[in-house]
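Undergrad: Based on the provided sequences and hints, a complete structural model is requested.
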Amino acid sequence: MTADVGAQLRKGVVEYCILGLLDREPMYGWQLSEQLVEAGLVASIGTLYPILGRLRAQGLATAFDQPSATGPVRKYYRLTPLGRDQLGAFRLQWAPFTASVHRLIGEDTRD
Amino acid sequence: MTDTTPEITTAYLAQLDTELDQLPADLHRDIVTGIREELEGLDAEAAAARIRQLGDPAFIAAGARAETVGEAPLTSPDAPPPGRTFSIVAVVVLIVGSFLVPVVGAIAGLLFVSQARAWSRREKAASWLATVGVVLLALAASTVMASAGLGGTHLVVLVAYLVFPVVGVVLAVRAQRRGWHA
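Here the protein sequences come in this chain order: A and B. Residues in the first sequence are numbered from 1 upward in steps of one, following the numbering used here. Residues in the second sequence are numbered from 1 upward in steps of one, following the numbering used here.
Any given hint could be a false lead.
Only some residues are given here: those of chain A computed to face chain B with a beta carbon under 8 angstroms [stated by the list, open to error]:
#1 Y28
#2 A43
#3 S44
#4 I45
#5 G46
#6 T47
#7 Y49
#8 P50
#9 I51
#10 G53
#11 P72
#12 K75
For each label pair, taking beta carbons as the anchor points, the in silico distance ranges come out as [claimed, not checked]:
#13 B:V169 x A:E34: 46 to 54 angstroms
#14 A:E34 x B:A66: 16 to 24 angstroms
#15 B:V169 x A:S100: 53 to 61 angstroms
#16 B:R29 x A:K11: 49 to 57 angstroms
Hints in this document: simulated from the structure, not taken from any laboratory. This one's a predicted model, so the numbers in the text were calculated from it and none came from an experiment. C-beta: ideal position from N, C-alpha, C; glycine also.
TA: Structural data, given as structure tokens:
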């Protein structure tokens, strides 16, 4: 049992959160990093890229270059069909999983 | 990168490049490219603001390292680092190949080293610069000596050629000290 519960929880879900963001629209590194840092799911953009590398290696996400309207060509990431399937499977399990955990640990009723 | 790139951007990217040096080459490239894209086209003030958001390069590198280490459970702690055999073969080709097949063996060894995972990009670049630089200098010196009617030109080239196995030994020692990890 580790003291840093938050880190363990984040580690378990961060990849699916990235898949969830990419399911809305293709995004580039900084876009993803901004949202994930704000949500407290990654510490910095440095944490994000190894995860993106794993998602690509597993065939769940893919990258492509796209010129932006005002700036340079950016590398965007998007879901693959396999990534969409994985995200769908996770969504199906997430709600019953959190409900089960909640039922087991209950509310903290101490003052 | 153009000449109009603000100094703060250039300095930040250079520091980031240094901090990421020990990471796998693909990851190193992805992070630097992603952050460069984000800073490109920004003036000094906007770049400074974005750099504050991005954070210290050392912090970014530490995050990447920690996340990369997190992949370790897929292998046992005693397992050799990936690509170790290839790295050992590369350095052996450089040291022994230089003698067995002069010139071709040395160049093949350097090409192998460039593909190996036991050395950083900086070490690989330094290996090429050191070997090619010494050999070119020796060739230039021998040409000057020959035109001046001096002897010993072959000896100069032969001694300079030893730079290949010497660089190979240095690379092997460095890799061995850190367990054949880059």
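Undergrad: All hints, please: hold or fail.
TA: Going through the hints against the structure:
1. Y28: OK, holds: A:Y28 within 8 angstroms of chain B, min 7 angstroms.
2. A43: 5 angstroms, holds
3. S44: Cβ of A:S44 sits 4 angstroms from chain B, so the hint holds.
4. I45: 6 angstroms, holds
5. G46: 3 angstroms, holds
6. T47: Holds, because the Cβ-Cβ distance from A:T47 to chain B comes to roughly 4 angstroms (cut-off 8 angstroms).
7. Y49: Hint holds; A:Y49 Cβ to chain B Cβ min 5 angstroms, cut 8 angstroms.
8. P50: Check passed: Cβ of A:P50 comes within 4 angstroms of chain B, closer than 8 angstroms.
9. I51: Since chain B brings a Cβ to about 6 angstroms from A:I51, closer than 8 angstroms, the hint holds.
10. G53: 6 angstroms, holds
11. P72: A:P72 check passes; min Cβ-Cβ to chain B is 4 angstroms, inside 8 angstroms.
12. K75: Hint on A:K75: holds, closest Cβ of chain B at ~6 angstroms, below 8 angstroms.
13. B:V169 x A:E34: 46 to 54 angstroms: Given range 46 to 54 angstroms: holds, Cβ gap about 48 angstroms.
14. A:E34 x B:A66: 16 to 24 angstroms: 20 angstroms, holds
15. B:V169 x A:S100: 53 to 61 angstroms: 60 angstroms, holds
16. B:R29 x A:K11: 49 to 57 angstroms: Between B:R29 and A:K11, where Cβ atoms are some 25 angstroms apart, the hint is violated.
Hint 16 alone, counting from the list given before, is not met by this structure.
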